[in-house]
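Undergrad: So in the UniProt record's numbering the end of the sequence shown lands on 495, straight run, no missing numbers.
Hints were generated in silico from the structure; no laboratory data involved.
For glycine and all other residues, C-beta sits at the position ideal for the given N, C-alpha and C.
It is possible that some hints are incorrect.
[Claimed, not checked] List time: in silico SDA-like cross-link candidates among lysine to any residue, alpha-carbon distance up to 20 Å:
no.: 1; residue 1: K216; residue 2: A463
no.: 2; residue 1: K223; residue 2: R40
no.: 3; residue 1: K412; residue 2: G435
no.: 4; residue 1: K234; residue 2: R119
no.: 5; residue 1: K296; residue 2: K412
no.: 6; residue 1: K10; residue 2: V23
no.: 7; residue 1: K347; residue 2: P323
no.: 8; residue 1: K213; residue 2: E224
no.: 9; residue 1: K444; residue 2: P381
no.: 10; residue 1: K213; residue 2: L225
no.: 11; residue 1: K10; residue 2: L164
no.: 12; residue 1: K69; residue 2: S49
no.: 13; residue 1: K234; residue 2: R260
no.: 14; residue 1: K339; residue 2: L319
no.: 15; residue 1: K213; residue 2: D202
no.: 16; residue 1: K51; residue 2: A16
no.: 17; residue 1: K69; residue 2: L225
no.: 18; residue 1: K157; residue 2: A171
no.: 19; residue 1: K339; residue 2: K444
no.: 20; residue 1: K339; residue 2: F354
no.: 21; residue 1: K69; residue 2: E126
no.: 22; residue 1: K213; residue 2: G54
no.: 23; residue 1: K234; residue 2: E134
[Unchecked claim] Each pair of labels, with its calculated beta carbon distance range:
no.: 24; residue 1: G492; residue 2: R391; range: 46 to 56 Å
no.: 25; residue 1: R407; residue 2: R40; range: 43 to 53 Å
no.: 26; residue 1: P124; residue 2: K223; range: 43 to 53 Å
no.: 27; residue 1: R142; residue 2: N432; range: 43 to 53 Å
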Amino acid sequence: MSRLVIVVEKPADWGAFYPSDNVVAAADYLRGDVGAEGERTQVINLCRSYKYMGTGYYVSLLAEARGHKVIPSVRTINDLRRRSLYGLDIEDLNARLGKFLPEGSRDASDFGLLVYFGRTHYTPLEDLAQQVFETFPCPVLRIEFERQRVWQIAAIKPASLHTLTDDQETAFADALDAFSKKLWRKPRARRKYRYDLAMLQDPAEPMPPSNKKALKRFIEAGKELDIEVDPIGKRDFTRLAEYDGLFIRETTAVDNHTYRFAHRAEREDMVVIDDPQSILRCTNKIYLHDRLRSRKLPTPRTEIVFRDDARKLADLPGLLGLPLVLKIPDGSFSRGIHKVSTPEELKSAAELLFQQTALLLAQEFVPTEFDWRIGVLDGEPLYACQYFMSRGHWQIYDHGAKPGTVRSGGFKTLPVREAPSEVVRLATRASNAIGNGLYGVDLKVVKDRTVVIEVNDNPSIDAGVEDAYLGEDLYRRIMTGFLRRLERKRLGVRD
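With the hints as extra help, turn the sequences into a complete structure.
TA: Here you go:
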């Protein structure tokens with residue numbers, strides 16, 4: 001458990017709050033009079049200003065030099081200094097502002113909002129305040145809005161503790177307590193581990209990449225290697241910097257919190273699987289196809305179709321034959337995929353799918369009894385599975401069996417050495433085209449032809465399925481991969 005240190009520029013700045021041993025003056029912190037050598041420390045820098053070469057700047061700078069986790073980080077301070085540095089982030093937040101602050105919701109042409117550790121008193125903007133804090137982690141932020149044709153964020157600036165009113169001080173204290181309660185909590189009696197690894201998961205996810213028994217085995221394997229694996233959820237974003245690494249065991253997507261977690265972990269120089277680049281490359285099938293094609297890897301014959309290109313849509317049967325398969329770019333677990341057997345079915349399915357996306361992937365239909373799945377970690381084959389099609393269906397997962405239910409086919413897990421050499425070799429080449437993380441490569445074999453269907457950045461690892469041959473050793477191998485990366489990071493060795 002981390003030790004919490006709250007740094008204020010002057011002791012009087014904390015005068016409105018209860019005294020605490022956690023609060024230290026900036027001068028004392030800068031002298032190094034705080035904390036034991038090697039102690040895991042979380043620093044909240046509440047100095048009056050973070051201007052370059054000022055006291056607050058040096059508190060964050062030396063915190064990072066000492067290996068302390070600090071908020072705000074030097075990077076955040078620099079990002080907030082000039083709008084030109086955070087313009088891209090502002091554009092993204094502006095795009096979301098309309099749904100948080102609808103037209104006509106305020107009469108003013110400009111206003112400001114204080115945000116304390118991602119919290120605000122203005123209910124319609126609570127979600128936006130949290131997203132601003134996730135983008136620019138800083139204890140107190142002032143968001144300034146202006147309205148021309150639509151509302152926009154004009155500026156995001158750090159705010160100082162000593163300028164707050166009585167009501168604002170109360171709001172700040174409540175937010176600080178909520179933010180740091182896990183750090184204030186008395187550590188439970190346990191031995192300390194060499195590394196702390198956050199494992200992002202969602203107990204309520206209908207089709208998670210790992211079942212409960214598998215998650216438990218990851219935790220046990222971590223302990224054997226002196227790594228504490230701590231399950232966290234989407235609400236633990238602000239705690240992420242407490243850990244040495246992040247392991248995502250929740251279905252990933254570029255437009256949800258899993259990508260934000262991965263991106264934040266990478267910015268914090270943490271070891272992370274899945275890394276944001278792998279998520280980006282794998283979760284969009286059009287991106288993935290283009291990348292595999294550029295590496296000259298065999299895939300089913302494929303065409304990209306634009307929403308307004310009726311001619312290309314009509315030409316697909318001649319290009320790919322019938323039946324063919326239409327896919328939305330970001331589907332998972334066989335969702336968003338239609339097999340069509342006639343031009344009429346093609347037109348109908350395309351109209352339905354184009355409601356979700358501007359581009360579709362069309363592929364030749366390659367019927368097989370099962371798909372191969374080769375698990376790859378750090379460029380090395382890890383496990384081999386055969387996933388059989390659902391009974392009476394052409395896919396592994398049948399979402400149309402009964403409303404609200406999903407039926408899947410059987411499986412067979414075997415040693416990597418017993419899988420066809422061409423399948424293993426092609427799977428390794430395909431994973432190397434993505435990165436050096438943990439991947440599940442899906443392939444089909446028809447006679448003497450082997451093709452890559454897709455590379456999954458967040459492969460299923462369920463107890464009783466993917467571990468059916470290796471057993472607990474599968475989890476140890478994955479945790480050993482983390483250990484290798486953590487040791488290299490500690491030694492300052494770049495991958």
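Undergrad: Honestly, do P124 and K223 meet the 43 to 53 Å range at C-beta?
TA: holds, 45 Å
Undergrad: Is it true that R407 and R40 lie within 43 to 53 Å of each other by Cβ?
TA: holds, 47 Å
Undergrad: Mind checking the alpha carbons of K296 and K412 for me, to see if they're no more than 20 Å apart?
TA: Outside the cut-off at roughly 29 Å; violated.
Undergrad: Checking one constraint from the list: CA of K347 to CA of P323, max 20 Å. Satisfied?
TA: Measuring from Cα to Cα gives roughly 13 Å; hence the hint holds.
Undergrad: Does D202 sit within 20 Å of K213, going by the straight-line distance between their CA atoms?
TA: holds, 14 Å
Undergrad: Do the alpha carbons of K69 and E126 lie within 20 Å of each other, as the hint requires?
TA: violated, 25 Å
Undergrad: Please verify whether K234 and R119 have alpha carbons no more than 20 Å apart.
TA: holds, 16 Å
Undergrad: Is the straight-line distance between the alpha-carbon of K10 and that of V23 20 Å or less?
TA: Judged against 20 Å, a Cα distance of about 11 Å means the pair holds.
Undergrad: Measure nothing beyond the straight line between the CA atoms of K339 and F354; if it is 20 Å or shorter, mark the hint as holding.
TA: Status holds; Cα separation ~15 Å.
Undergrad: Take a quick look at whether K339 and K444 sit within 20 Å of each other, Cα to Cα.
TA: Given pair K339, K444 holds - Cα atoms ~17 Å apart, limit 20 Å.
Undergrad: Given the hint that K10 pairs with L164, does the C-alpha gap stay at or below 20 Å?
TA: With a Cα-Cα distance of about 15 Å, the restraint between K10 and L164 holds, given a limit of 20 Å.
Undergrad: What's the verdict on K51 and A16, does the C-alpha distance respect the 20 Å limit or exceed it?
TA: violated, 25 Å
Hint compliance for this structure: hints 3, 5, 16, 17, 21 and 22 are not met, and every other hint is.
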